[in-house]
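Chemist: Sequence:
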Amino acid sequence: MNPVRYEKVTAKQVLNPVKTPAMPFEHSINPYRGCQHGCSFCYARAMHAFLGLNGDDTFQTNILIKENAPEALREQLRKAARSRKGLAGIGRIAIGTATDPYQQAEGRAKLTRGCLEVLTEYPVPLTITTRSPLILRDLDLLRKLPVYAVNISLNTLNRTTWRNFEPGAPSPAKRLETVRALTDAGIPAGIFMAPMLPYITDGRDELEELFEAASEHGAQFVMASYLRLSASDVKVWFFETIRRHYPQLVGKYARLYAASAYAPREYRDPVRMYIDGLLERYGLRDMDEEEEAPRPQERAAAGLQGRSSGKPLEVAWEPPPAVPGCAGSGCAAANADAAGNGCAAASADASGNGGFAGAAGDSASRGEFACGPDAARQSAGPPGDARAVAAGTKAGAGTPPAPGPDSPPAQLVFSF
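Every letter in the sequence shown is one number past the one before it in the working numbering, and letter 295, counting from 1, is 334.
What the hints contain is simulated information worked out from the structure, not anything from laboratory work.
There may be inaccurate statements among the hints.
Pair ranges (Cβ atoms, derived) [claimed, not checked]:
#	residue 1	residue 2	range
1	41	219	31 to 37 angstroms
2	199	312	23 to 29 angstroms
3	286	179	44 to 50 angstroms
4	197	315	21 to 27 angstroms
5	315	269	22 to 28 angstroms
6	130	319	29 to 35 angstroms
7	219	312	27 to 33 angstroms
8	182	120	20 to 26 angstroms
9	55	121	17 to 23 angstroms
10	146	315	35 to 41 angstroms
11	224	160	19 to 25 angstroms
12	56	297	29 to 35 angstroms
Pairs of lysine to aspartate or glutamate residues, derived as EDC-like cross-links and limited to a Cα-Cα distance of at most 16 angstroms, are as follows [stated by the list, open to error]:
#	residue 1	residue 2
13	118	160
14	47	106
15	124	65
Treat the numbers as computed from the prediction; the structure is a model and nothing was measured.
The beta carbon of each residue, even a glycine, is placed where N, CA and C say it ideally should be.
Start from the sequences and build out the full structure, keeping to the hints where you can.
Modeler: Structure (structure tokens):
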């Protein structure tokens with residue numbers, strides 16, 4: 040991996056309106072562009088294209104620091120407070136929608152902390168999404184704010200999977216400890232299981248372990264989001280990771296994402312049903328976008344009693360669209376066979392591990408979810424070439440970095 044370079048930039052505004060109706064927030068704040076965690080599945084890699092940069096290794100090694108973020112935020116909130124609607128017109132703010140606000144750069148730049156300090160002057164309901172325990176540094180500010188939720192992103196407890204897909208992110212154990220520390224401090228916190236990786240993190244045993252760990256560490260909710268592969272840069276980089284670490288799955292992913300940025304409903308629906316069962320079993324809930332953010336005094340009065348409630352809500356960047364060609368029991372978009380084998384619940388295997396794959400082999404014993412011909416045969420298909428899968432994408436996108444130790448060393452080059 041190339042040395043990490045930080046570049047200071049000046050932002051005209053950092054409080055950006057979110058116009059997608061499906062989103063449970065109205066504005067977002069991202070103090071940085073790029074992210075040192077380097078998750079290969081991150082949709083935000085596409086953001087670098089707007090800056091004339093690539094979504095490959097550059098996303099992880101070229102970090103733009105909005106050095107005036109707190110000042111720009113204060114000016115925007117000051118104007119909003121004086122407007123006809125006042126601060127109520129802001130709605131809910133989400134911090135960390137296109138970058139991790141507590142990535143390594145935050146340890147020195149402290150822009151996220153600066154933004155939180157501004158928000159204590161102009162209290163607006165907010166959520167924060169991060170993979171980092173660095174957020175615990177700011178507990179003093181979080182206690183003063185109307186925090187709706189802190190979402191700790193975690194989609195697996197498997198160390199190999201973590202290292203393959205999130206080379207620069209803190210360990211799953213550290214993230215679980217962060218959830219515990221937040222909830223112990225009275226801050227609403229839980230797990231953002233994003234994204235679920237088909238055939239890798241969606242095994243029934245693996246999902247059960249994650250929900251159990253979330254419950255044991257005081258999580259108040261678990262949100263689940265499906266893998267989205269839309270922008271070409273993101274798709275190419277992700278498929279390079281699959282080809283490198285899971286070559287037997289390249290064909291499956293090519294079929295699953297052939298027609299859409301999301302896997303078809305024949306895959307998603309059984310997964311959602313199983314997750315709903317786990318939520319009920321462990322006394323957890325998904326987040327309800329209509330619930331009010333508790334004020335600091337309300338949290339103090341309630342202690343740690345109660346959990347967020349409401350209908351499960353998928354948090355994704357756009358509603359998963361209906362896939363053309365996916366109808367009835369078959370799924371043409373996922374290359375269903377002539378018999379129309381879609382996604383169906385399978386009988387339990389010999390060891391009693393019932394799954395949704397309906398096939399023999401390791402996938403059935405792990406209780407994975409599959410679609411199309413995979414639901415009947417779990418056929419891996421030809422490995423193929425990742426670049427051929429994402430037609431029209433840039434060639435030579437590079438190769439994802441190899442997995443490293445818990446805290447991978449990085450050569451840092453500061454420009455300030």
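Chemist: State the violated hints by number, sorted upward, taking the hints as numbered earlier in the document.
Modeler: Violated: none.
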